Amino acid sequence: MAIDLKAARDVLRESGTARLVERRGFLKGGLSLGALTLLTGCDVTHTDQVQSVLNRMSQWNDRVQAALFNPHRLMPTYSEAEAVKDFRFNAYYGESQVPKIDGDRYRLILSGLVDNRKPWSLPDLYALPQTSQITRHVCVEGWSMIGKWTGVPFRTFLERIGADLSAKYVGFECADGYYSSIDMASALHPQTLLTFKISDEILGPKYGYPLKLRIPTKLGFKNPKWITALYVTNRFPGGFWEDRGYNWFAGV
Amino acid sequence: MTTQSMAGSPPRQTILVHSLMVRIAHWTNAVAMVIMIGSGWRIWNSDPIFDYYFPIWATLGGDPAASQDLHNELGLASALQWHFAGMWLLVINGLVYFIYGVLSGHFRRTMFPVGPRAFLSDLVAALRFRLPHHPGVYNAVQKVLYLGVLAVGVVMVLSGLAIWKPGQFQELAWIFGGFDTARLIHFLGMAAIVLFLIVHISLVIMVPKTLPTMITGRASVHGDETGR
Chain P
47 MAIDLKAARD
57 VLRESGTARL
67 VERRGFLKGG
77 LSLGALTLLT
87 GCDVTHTDQV
97 QSVLNRMSQW
107 NDRVQAALFN
117 PHRLMPTYSE
127 AEAVKDFRFN
137 AYYGESQVPK
147 IDGDRYRLIL
157 SGLVDNRKPW
167 SLPDLYALPQ
177 TSQITRHVCV
187 EGWSMIGKWT
197 GVPFRTFLER
207 IGADLSAKYV
217 GFECADGYYS
227 SIDMASALHP
237 QTLLTFKISD
247 EILGPKYGYP
257 LKLRIPTKLG
267 FKNPKWITAL
277 YVTNRFPGGF
287 WEDRGYNWFA
297 GV
Chain Y
500 MTTQSMAGSP
510 PRQTILVHSL
520 MVRIAHWTNA
530 VAMVIMIGSG
540 WRIWNSDPIF
550 DYYFPIWATL
560 GGDPAASQDL
570 HNELGLASAL
580 QWHFAGMWLL
590 VINGLVYFIY
600 GVLSGHFRRT
610 MFPVGPRAFL
620 SDLVAALRFR
630 LPHHPGVYNA
640 VQKVLYLGVL
650 AVGVVMVLSG
660 LAIWKPGQFQ
670 ELAWIFGGFD
680 TARLIHFLGM
690 AAIVLFLIVH
700 ISLVIMVPKT
710 LPTMITGRAS
720 VHGDETGR
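Just so you know, the protein sequences line up as chains P and Y, in that order. Add 46 to the 1-based position in the first sequence for the working numbering, that's all there is to it. Add 499 to the 1-based position in the second sequence for the working numbering, that's all there is to it.
One thing to keep in mind: the hints can contain errors.
[Claimed, not checked] Chain P regions said to be covered by chain Y (calculated; three or more residues, Cβ under 8 Å):
id, segment
1, 99 to 106
2, 162 to 175
3, 181 to 194
4, 282 to 293
These are computed hints drawn from the structure, not numbers from a lab. Everything numeric in this text was worked out from a predicted model, so none of it was measured. Backbone N, C-alpha and C define an ideal beta-carbon position, used for all residues, glycine too.
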């Protein structure tokens, strides 16, 4: 238990050894021992029961947040001067391990409840109507950063591919094995963008080249980078961090 | 004639000091405090504002080594689950307590009146350990501390909402000076509550008979101690 937190965090950042072991709902050791005895005086074997209560509370919080979500409420926007130019790198592994994607061969794969599943090349994507936003990226860890992103409104894209807009979820799969999903109401929010640029420049490899979802109504981990496939579905898709205990709705 | 009055002191009797509602709210809040502070410290550790990390044994949110092994994170996910489950316990209990406190006259009866003059004289007496304890009657220092920590509790819930939803509750976040300032206020509020708890628990240790009273609600007093 004696862990130097700061050193451990640095190791985490650099190591990039994400172990894709388990899916949703497994947080072994949901309590630290001291707190456990302090709290309930119960045995460690009750940890799974505690964890199941916590999971149910998180699902309840998903529903509360969906009810709180106002599809017309715009997130605050900021001036060019407030936007950070050298945006922070963030992934579940180190910067040296980011996917390197060949733009010429890149295709965005579509599946699920979509009429036109033709894969999209980059020139086709770049030809879509684009807009820019300067918004605050809020990380689940607590830090936040204002940045400028440019891309096609996600609603426009979903309409263009004939997505079933009455479906519940949109899911994303990424070149680095990351995956995530959002509710349709948030997907259709006017500030949700399928972005190609950050700070007025084509996304660098560390920022998710060639395709990143920018969704300022949600926490940072709901903004997948290096997107290679997306799908529309009514089956709950989960997500990389969500399956590891982060709240799924994660609204801001 | 009882033996006590023969000894020259008035007869002892027990009085109800804390109503059942106050006791339930107190201990529910104690559990909520452990959850919110313990998990809050773990969440703080994932991105501290100042270069300080809370010791892991004092935090709530899973075994960091196991979390790192399984999820490549140091127990933040579980800490967040605790925090956002605990907030319901804190807020629902707090609302019940406030509504009860106003409607029953609990606040009016026990916390007021309180003025700066009484506070200062009671504070000086307390610091000289010359402030007597009367069961069921709060001195001015207690009144100020209790009212103060309740106010901090309100600030904690509001600043917490501002951090949780700086978008949907953007006006609230604005009132707290924006997202980052709201985080700082949320931290300082925690520090104030922890300071209160240190004083609160120290006083219970100094006057131990107050602990069973907060469980049973009753205190044993001399006949002349019940007056307010």
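Evaluated hints:
no., hint, verdict
1, 99 to 106, "holds (count 5)"
2, 162 to 175, "violated (count 0)"
3, 181 to 194, "holds (count 8)"
4, 282 to 293, "holds (count 5)"
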